[in-house]
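> Here is what each chain is made of, one letter per residue.
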Amino acid sequence: MSTHDPGPAEGAVELRGIVKRFPGIVANDNVDFSVARGEVHALLGENGAGKTTLMSILSGAYRPDAGTVSVGGRTMSFRSPKQAIEAGIGMVHQHFRLVQPLSVAENVLLGAPSTFRLAGNATEDRVAELAEAYGIRVNPSAKIWQLSVGEQQRVEILKALFREASVLILDEPTAVLTPQEATHLFSIMRRIASEDRAVIFISHKLDEVMAVADRVTVLRAGRGVATLTIGESDKANLARLMVGREVMFRVARSDHDAGAPRLTVKGLIATGDLGLPALRDVTLEVRAGEILGVAGVAGNGQRELTEVIAGLRPAISGTVAIGGRDLSASTPAERISAGLGYVPEDRLGTGLIPSLGCIDNVMLKRTDEFARGFFINKQAAEAATSELVDRFDVKTSSLHSPVSLMSGGNIQKLLLARELSAGPGALVVAQPTAGLDVGATEAIRRLLLEQRDAGVAVLLVSEDLDELLSLCDRIAVMYEGKVMGVVGAAGADREQIGLMMAGTASDPA
Amino acid sequence: MKSSLKLISLGVALMLAAACGTGSESAGEDSGSTGGGGSKDVVKAAWVYVGPRNDGGWTTAHDNGRLAVEKTLGDKVETAYVENVPEEPAAATRAIEGFARKGYDIIFTTSFGFMDPTLEVAKKYPDVVFEHCSGFKTADNMSAYFGAMEEAKFLAGMAAGAATKNGQLGVVNAFPIPEVIRLGNAFMLGAQAVNPDATMKVVFTNSWYDPPKEKSAAESLLDANSDVLTQDVDSPATGQVAGAAGAKWVGYNSDASEFAPDAWLTAPVWDWSDYYIERVEAVLDGSWESHNYYGTLADGIVGLAPYGKSVSQETQDMIDAKRQEIVNDEFDVFQGPVYDQSGRVMAKKGEALSLDQLLSMDWFVKGIEGKLPAS
Amino acid sequence: MSATTAALRPRLVKRLLPSRATRLAVRIGAVAAAFVAAALFLLLAGNPIGPVFSALWSGSFGSAYGQAQTILAAIPLVFTSLAVAIAFRMLLWNIGAEGQFYFGAFGAAAVAYAWPEWPGPLLLTAMVLGGMLGGALWALVPGALRAYLGVNEIVPTLLLNYVAILWVDYLVNTAWRDPESLGFPLGVPFSAQATLPQLGDTAVHAGAIIAVIAALVIAVILRKTIWGYKIKVIGENRRAARYAGFSITRNIVGVMLLSGALAGVGGMVEVSGTVHRIQADISPGFGYTGIIVATLARFSPLLILPVALLFGALITGGVELQTIGLPSDIVLMLQGTILFFALAGELLVHYRIEWRRQAQTGSEGEPGAAGRAHPGAMPSGT
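In the order they appear, the protein sequences are chains A, B and C. Using the working numbering, read the first sequence as starting at 1 and increasing by one per residue. Using the working numbering, read the second sequence as starting at 1 and increasing by one per residue. Using the working numbering, read the third sequence as starting at 1 and increasing by one per residue.
By construction, these hints were calculated from the structure, which means they are not laboratory data. A quick note: this is a predicted structure, and the numbers were derived from the prediction, not measured.
The calculated label-pair distances, taken between Cβ atoms and stated as ranges, are:
{"id": "1", "chain 1": "C", "residue 1": "Pro284", "chain 2": "B", "residue 2": "Lys123", "range": "19 to 27 angstroms"}
{"id": "2", "chain 1": "C", "residue 1": "Ser191", "chain 2": "B", "residue 2": "Ser354", "range": "31 to 39 angstroms"}
{"id": "3", "chain 1": "B", "residue 1": "Ala244", "chain 2": "C", "residue 2": "His350", "range": "45 to 53 angstroms"}
{"id": "4", "chain 1": "C", "residue 1": "Gly200", "chain 2": "B", "residue 2": "Arg344", "range": "51 to 59 angstroms"}
{"id": "5", "chain 1": "A", "residue 1": "Asp393", "chain 2": "C", "residue 2": "Gly336", "range": "53 to 61 angstroms"}
{"id": "6", "chain 1": "A", "residue 1": "Pro101", "chain 2": "C", "residue 2": "Ile248", "range": "20 to 28 angstroms"}
{"id": "7", "chain 1": "C", "residue 1": "Pro179", "chain 2": "B", "residue 2": "Ala244", "range": "41 to 49 angstroms"}
{"id": "8", "chain 1": "C", "residue 1": "Leu339", "chain 2": "A", "residue 2": "Pro101", "range": "31 to 39 angstroms"}
{"id": "9", "chain 1": "C", "residue 1": "Pro197", "chain 2": "B", "residue 2": "Leu372", "range": "34 to 42 angstroms"}
The beta carbon of each residue, even a glycine, is placed where N, CA and C say it ideally should be.
With the sequences and hints as input, model every part of the structure.
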């Protein structure tokens, strides 16, 4: 990996003394940050450390309270993202800014210089060309709403590439990618950097940072802690800089035998949003006291599988049963009362309601519990919420303020806390740690293992293979709506799982 | 709305009025002079209109009366009006009471739907006098007034009967209520007096003033082959449609010939000027008394608007002769024989329809093609 | 990068969480601005400002008579706007409050004619129930169509308005026609027991109390009950509601029934309190005005009360203006101006206007920024 020693002359981006305050907090406190052309520069920090704020200032979404921004040696004062884009700053956000009813190509063209007109196939060809050049797999004519989260992110990356950004900012880009896809993304990032452009890579995943970055700047609690070359750093010291204490990388996992099958699905066939087959005869069995992982590249039927189990998507055929009770024809409510907990991939659109506060969100699945006749028992709901927030260490300024104001980790903790508080017999969890920082990830994983040890049947869908390998008892691999095989997690072969994710069948374990 | 009575001294209305505690003529000495008592130097007079002042029809006719009052009485009167007042009772009461509490001496309310609201306000303001047009309820300080429009309708029908080539007339009507039915029947009888085979198609709009509805109603009548249109609604939309299609038109309420000069035959019109001047003067000199007034052709309350170019001198002479007969009491519009649609005799030769039959008229005369909802 | 101008341009920027004080200040400012603009209009049209505003005031709030009239005009609007608001909490547009109002009047009248001799309290209670039933029935069809067949509710609710109005028209032309109305389509007058009593010696009838109770009940339902919570969740996010196991279809039907029942009580109150009989023309479009009232009140049941009063004041004040000789066109314009500013105020509660310089690139040379500027960053202009 090449390392540079960029001086000010080479500076692509130079942030000096950036201060940004929000009511009640200082998100950036006198931060210096500089990136040179030709380098991949990681911005490392836990959620809430101020990474995204800092990059929002660079990309023109926020204006700093103090400090200067210069791009290509010129001091800038961006008053809008548009001005930043014109100055060559491209940002791929964590929350996608795509127009759902439009196609991939149309989205890529939106906001691009107006010389490119929307002209049907011609634009699709252009986008397809660009995608090909960077090896990005996405159908230019597909509509955004038809795409998985991972695919949508690829469109965002394409968008920035299409605008020929000289500085590309990627906010947690690997959160939704498979290891292979992540590796591929890294090669794209390196290719962009090699074209004398700068890539800023926001992450909290140490392995990735070590793998792709030339230099790394660590933020903690709004302050810049250090800027190091990768050569002079290792995972342990980066983690310490980031968290401010020593970090355990392995979650302790007890050995115990799983019980009887608790959650079973048989012969599930269902279609996706497009109306195309998404599940083709899926049969799985999760036993009490085990975590069954579902591995696979985004968009291979995992989301549809969890939705069919939860009753949110109709199955064409097949059965879903919990504890031997057939729930195939049951409403979502009946499945919930049969003991099904569900942490959906779409936390802030399905699992929680962003505009409502913690109490209202905790009530979402526990309305009966907090009913006193027709009325809401507000005291009980508030007490229960406050107890959950304490027990699961959810940090929030108020139980009443919208959960959308909380950080990703706290949002997920609240969601999981609610699902666990109902005492589920079976728990379906999708992408539980995607986008979360190290501390939150650790906490979430520990909670899942606690559930397993307490005898809950956990179905864990994740695109993070490391997570599956460290948490699961067995791993099922999905490809194009089929289960390619189920392997024991202990001593599983990453290569073999990777092959199954790419469509090569294996003997069921 | 504008339901009318005939021959008030004999009418049901008088009994109702008596039931309401109204004094009749004999009560002149004690209850006659309300309105604050005695004469006044300046009278404040107000009008409450159901439509816009410039509707070119019903409300315009009343407003012309108001303007005549201003012109004739000059400094001695102060007038005001509210237009577009809905017949919804709360809104109507609000408008009427708005004038009463402002110290207006006499308030004219010119739509049937204002009858109950007028009575209600009249009870609360005994020192103000009220004049309600087209209803039947009266009180010590509330008169009813209207006119024998059927006489003018009959004459206008004669003009239509003379003008039609195929003998097929069409009328745009507001509501299927006795007043409207009676006026339509009078028109038909007038047309048949000239052209015994004439027939007339009927469309109801269920509104006194709704130009778009009136327009489409008129268009449907033209589609059904009518070549002379008339109306018992308040806007000139019917005439505009007729004019555009080269058909003829008999208007209503006021001279609206300017809207379709080529189509214009004439119109049975209201002229409230004399009545309004007389009533306001009565308040001025302290002689106002409650009454139930029903003006006729002879009184000049109803009449015909100037004829259009296409009405021949011969037709005009014939109509003038009939007018004279009516004024002289030699002819009754509903003089027998009168037949209903099925050919049943409703009034025998030598007799006329009774007051009761006129007040509750819910049948069409022979020649009218159309159905009434209630029958 | 192109050379740029420094032209100031306005932009609407969303306020994240407008504070209570901001909201109040903006709303008061909007009303003040409305009157300033109205005054300008009047001046331009050559009308005296003083007498007009004093008439507007005395005709609406400034006199006992005006207050009573304002309340009377506001009562039916409270019911129709509550109907619109509760439906909108679930993102349903009930354009049919007009028809439900008529059908509620029909239901109440049916009770009043069936048992005219019942004692007042019993009969009036039965009439309220009749009104609720009538209105709810009328909302059931579009509600069920929406819930079970996914038919958008806007067109069915709108079309059923005409059916309801014609149905009442038909009844007052036939079965319920008052024999003393000389054939005119007026229903038989209600018995004294079927008439809502006046409040003390004011002109206001007891419908005012029913209206306040209705608003309070809806507020309590929305804030304090499980059902209200479910309505809120479904309105906010249908996916999350399905995820939580709430039955969307059942709640759509339920909310439409409640919505229709509210408009129906409005019809009952109007015929029993004001009209004292059933007839055509009992509503000059209360159902449609209710949409505006509800929108201005941001679909909050308690805010609907003052907003409906504002509308009542505009209606009664407007009549007062005509009686002092202001043409009805000017009155309409005045009412429109005040409404416009009220709506603009609502926009500004949630957005603020920022004046921005257009695309200013390069150095700004601001002293404050220069103090912290990187030494290597040369000011450069293009």
